[in-house]
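K.L.:
Listed below, chain by chain, are the residues.
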Amino acid sequence: MSEEQEMIRVEHLNKSFGELHVLKDIDLTVKESDVVVLIGASGSGKSTLLRCLNFLEMKNSGSIIIGGEQIEKKSHDLNKIRQKVGMVFQHFNLFPHKTVIENVIEAPTQVKGVKKSEAIKEGKALLDKVGLGDKYDVYPSKLSGGQKQRVAIARALAMKPDVMLFDEPTSALDPELVNEVLTTMKELAEEGMTMVVVTHEMGFAREVADWVVYMHEGRIVEYGHPDEIFNEPKEQRTKDFLSSVL
Amino acid sequence: MEDILHFFDVFISSYHVFLDGLWITLKLSVVSLLIAIVIGLFVALLKISNIKILEWIADAYIWIVRGTPLIVQIFILYYGLTDILLIPMFWAGAAGLAFHSGAYIAEIIRGAIQSIDKGQREAGLSLGMNKGLTMKRIILPQAFRRAVPSLGNQFIIGIKDSSLVSFIGMQDLFGVASTMGSNSFDYLPYYVTVAVYYLLIVLLLTFIVNKIEKRLAVSD
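Just so you know, the sequences run in chain order A and B. Under the working numbering, the first residue of the first sequence carries the number 1, and numbering increases by one thereafter. Under the working numbering, the first residue of the second sequence carries the number 1, and numbering increases by one thereafter.
Source of the hints: derived by calculation from the structure; they are not laboratory data. Errors might be hidden in some of the hints.
[As the list claims (entries may be wrong)] Here's a subset of chain B near chain A, in silico, CB distances under 8 Å, partners left out:
1) E2
2) L125
3) R137
4) D220
From the three backbone atoms N, C-alpha and C, an ideal C-beta is built for every residue, glycine too.
Please take these sequences and the hints and turn them into a complete structure.
P.N.:
See below:
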């Protein structure tokens with residue numbers, strides 16, 4: 001594991017919204033092909049941390065190193081960085097005025113200049129992969145929540161990112177639709193995709209994660225392999241949290 | 001009964017003159033509304049630019065337009081522009097109407113842009129699209145769809161407001177009605193006639209806007 005290349009390194013990251021100090025001195029390293037799952041109560045800062053990683057939120061201090069390079073708003077084109085860091089949102093955020101395949105090919109054609117026919121071919125392959133090959137021509141409004149989220153995953157993958165960030169990808173879904181999304185994510189993890197996942201699905205964390213990070217009030221309280229965190233947590237706060245959700 | 005027959009007589013016998021006026025009204029409305037959309041979009045983007053000086057410019061423009069009567073704006077532009085720039089009356093009228101509608105359209109478009117879920121912008125950015133591309137490809141198409149009913153309404157107001165250009169001497173629909181009325185001292189039938197023309201234009205426009213709304217609804 002330690003031989004593998006570092007994808008993301010966060011050092012002494014701090015983030016405030018006005019008076020509210022939401023991330024406090026965060027250190028985190030994500031290596032290639034790692035699946036890192038962030039858990040913690042609502043308001044613990046895990047989503048904010050994720051959003052700092054693709055610069056939808058701007059840090060106040062500390063450093064964010066992606067692919068070995070320290071990224072600063074002043075010196076880097078964040079649009080370029082974001083092409084390499086895919087994101088899947090809680091509320092899918094599909095483009096409602098575009099069909100499924102148009103959603104998927106939008107960024108490759110508009111940002112990377114991929115030929116439309118080529119992008120459609122690749123897009124259809126990605127939709128097949130998430131099990132929605134037959135839905136390429138419909139509008140998102142015709143899809144179930146689980147299908148929407150799988151399209152969103154395909155859309156992010158279409159940019160061929162090095163890392164995928166998942167921000168509570170199943171929290172807005174009806175319970176019976178959660179599994180289809182988790183299965184897709186699991187397959188992605190098995191293919192070696194580097195993933196950072198914020199979720200309340202402890203089963204997924206236990207089964208798929210290489211590392212679990214427990215956050216509480218803006219700090220990383222505990223970090224370890226799923227076995228350690230779930231079976232023998234060291235910190236009392238981790239124990240309290242786990243006993244409240246399991 | 002006689003009055004009604006007289007009205008029909010006027011309505012039918014005057015049609016060729018009114019058609020000239022109708023042509024001017026339509027040309028003026030279409031040209032001014034197209035310019036107004038460009039102004040409106042531009043000013044809306046200024047207002048959401050988060051750059052103070054640009055927001056002030058947009059606010060000042062909207063304040064001036066909303067704070068003065070359209071007839072005053074048309075007169076100032078007509079006497080101002082035709083004196084200095086020697087532009088034709090048609091363009092002075094079109095500029096006046098566009099200047100006016102632009103402010104209202106700006107507010108409609110700004111409202112529509114701000115009503116689009118912020119997740120749409122984030123999705124665009126997260127895919128590596130820059131702010132401009134996200135605005136053009138993701139936000140604006142949705143905002144325009146959402147703005148269609150309000151824009152249609154503003155277009156109707158714009159067409160009716162265009163009648164004010166008759167006061168700078170243009171022979172649009174209302175200008176024709178006024179001239180014909182005062183030439184014959186028989187005002188009422190001509191004003192009722194011109195009202196029918198406006199009603200028909202608005203009816204047609206309402207029909208078109210409804211069609212567009214239906215077509216855009218396919219993705220809902």
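K.L.:
Check each numbered hint against the structure and report the violated ones by number, ascending.
P.N.:
1
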